[in-house]
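A.B. asks: The listed protein sequences correspond, in order, to chains A and B.
Numbering (the numbering used here) for the first sequence: 1 to 420.
Numbering (the numbering used here) for the second sequence: 1 to 420.
Treat the hints with caution; some may be incorrect.
Intra- or inter-copy, both count: the list cannot distinguish identical chains.
In silico EDC-like links for lysine to aspartate or glutamate, alpha-carbon gap of 16 Å or less [what the hints assert, rightly or not]:
#1 K5 / E319
#2 K41 / E59
#3 K32 / E327
#4 K247 / E282
#5 K377 / E355
#6 K380 / E319
#7 K264 / E192
#8 K365 / E352
#9 K117 / D394
These are computed hints drawn from the structure, not numbers from a lab.
There are 2 protein chains.
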Amino acid sequence: MGTDKKLVLGLFGFGVVGEGVYTVLGQTPSLKSSVKKVCIKNIGKQRNAPKELFTDQAEVLLNDPEINVIVEMIDDADAAFQIVSTAMNNGKHVVSASKKMIAEHMAELLELQKKNKVSFLYEAACCASIPVIRNLEEYYDNDLLHSISAVVNGSTNFILTKIFQEKLPFKDALLQAQQLGFAESNPTLDVEGWDALNKWSFLLTHAYGIIPGKERLVFTGIQNVDKLDAEFAAKKDCVIRLTAFAKKLNNGKVAAFVLPKFVKQDDLLAFVKNEYNGVVIESSFADKQFFYGKGAGSLPTASAVLSDISALRYDYKYEYKKLYHHEPGELTNDFYLKVYIGFTDWRHVVKEDFESIEEWHSNDKVNYFVGVIHFDKLRKSTWWKENGVSLIVDADPLIESLDVIHMKKRSLELAGFNGD
Amino acid sequence: MGTDKKLVLGLFGFGVVGEGVYTVLGQTPSLKSSVKKVCIKNIGKQRNAPKELFTDQAEVLLNDPEINVIVEMIDDADAAFQIVSTAMNNGKHVVSASKKMIAEHMAELLELQKKNKVSFLYEAACCASIPVIRNLEEYYDNDLLHSISAVVNGSTNFILTKIFQEKLPFKDALLQAQQLGFAESNPTLDVEGWDALNKWSFLLTHAYGIIPGKERLVFTGIQNVDKLDAEFAAKKDCVIRLTAFAKKLNNGKVAAFVLPKFVKQDDLLAFVKNEYNGVVIESSFADKQFFYGKGAGSLPTASAVLSDISALRYDYKYEYKKLYHHEPGELTNDFYLKVYIGFTDWRHVVKEDFESIEEWHSNDKVNYFVGVIHFDKLRKSTWWKENGVSLIVDADPLIESLDVIHMKKRSLELAGFNGD
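The shape of chain A in the complex, shown without the other chains (with noise of 0.2 Å):
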């Protein structure tokens, strides 16, 4: 049962993540495995481990016949990216945790992983230490999964949290979130939401068999998401989350976006507060399974790299099974979003974008209105990312055929409303 190989490891980075996957493997010979090297940018900064360990040539791991495994743990996306691909080039097989590089380049880690028959894992990559990839991969191997939700940016969620909670302004619960460590200084990758559209590009590529590539997901960050927001959103029992989201529709193909979303407050996603992240899946007859923990954080990501590591001392590989056993599930842009938008300037929105408008408010201090658009429109314009526009999904946004919303909309048009 098993080869319980022996692991000769080389890491890329030594930040807190790479310096906790170093120690507690050598605290725990059970792993059989051993760092013989790593690479890091500065070598003269002091470091909690012999100095002979370091180089900062990457040749020096990458040309070492003896290290079998390569551990991929630096922030720039496109080093990243030469370092996996010659180290898989070489035979080695590799664990990374680079979310930005994996999402750009799924296509040719594909190839790399099938020409060099090697392992390329990941689990690190999306919401750290909740093993997503794998139960996708592995539990949910067939073609049952109907839709999968999901809370996959601490920092944004944290910051939504205090919003609701606190009733804080957007930029005092930004600033809160940097105080205490969940964003970044410069918070624009997870705050415009492009941190969640690259883990939720590849967790769709094991979902659906999806490789969404160049032409991007749908998808915003919070930046104009705040307080008046909040209030909506606890009038309808509601909170506000950041939602991964992917649906198979009754014709077979996947609706996705990554888009903030009203979740009712006995959603599984509303118990996903502060810096936590949560995936809700539902498959044929399973019901919702939920799965919550830390989704960032240093010892959090250590300990999924940890477990990637441990996994290939038994030559494990993530099969793709949506992707090469089954036909590959198809985005569409073909249906139709029930959403919310609050604005300050009627000049902001363009309403001749929407279907039908289901309820409307507008005075001094608060603007905002429900309506149906189609999902290509959404896709195709811009006005809804601006500053000063506020766009979140409804709690129950999928509207695959248009027949009653037609009658609403005649209904609405009726009753004089009109915007301007």
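With chain A fixed as given, assemble chain B onto it according to the hints.
C.D. replies: Coordinates of chain B only, in the frame set by chain A:
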């Protein structure tokens, strides 16, 4: 990548789970599995499937060389073991949902798997659709698992939730559970903790490489838990959960039990209400991971069976890594437990078993105390399982050394506590 075999199945049992599995397999060609024959007890009964599919002769399935997978979904643990062991000896892979059979025969089942080089999968036997076995086996496949605590029985959890939320007496809550189909008409197996004990027995094998076997874990159910206990819990800002618990102590050995336990309102297990199940896993660095979903019922159970069948297409088998590839864990009874004892009559309580009493209260209506007991004393005595006594483990119950306690004991003795 992967073999993706065609599976030919023989099913034992055609109750709600069996029929669900049969239906989905028929509707989902991508699962590449077909049901050749179904063995049932009552051949005369009308079924929603072609008549020629059925037989009441086990041998027809077990001796059919074309059938390569036996799916066992029957109630009788002894018959199940006969079927499962014959199937494995005949070179067939087996998927099973029989927790009692698995708990009682783990050692033999391990031998059968080794000897016959076949897979034996049973994710459905614990927490139904929550993939807890797989995650313990694959993801937490190293020495870094600190503790695991879980609600693994939906019936008792439903009853406890009702007692707590609606302040129902135990027997009314049980009746409601029965009326809603969350408890059997003969609820003993659930209510007295046997079902949870069985599940926990084999989960410990996957978590720590421990096979409790005939030497049972310390356990009881919720048969003596009632309103007054729930009121005490509420005062302490806790709920009560029938908690399956295991933790690696400082000496490297494992403390484990299945007992009613106070759980802080903000603890993840408090989130597990009604018929749901939940598992909290703590590992080095990863903080807490929480897995949540429906733990029983025909559809969640069928879903887990389907995932196991699906995994067989890729030759998946449990490696029992903690048992075979690590130093297996060892159970210990040498630690102390802080417990609450509710009682109606002092004569039911063996006060001498306790190292110290920290709190006590006794009047016309309410009688309880909180004390510290050596776990081996608890294990060897039975008075705390008797009618009229309710033992509930503290929210933070484990005491590995006694120094502090002895002081408290003395102070209580000085305070004149005698309880008579």
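A.B. asks: Tell me the numbers of any earlier hints that the structure contravenes, in ascending order.
C.D. replies: 6, 7, 8 and 9
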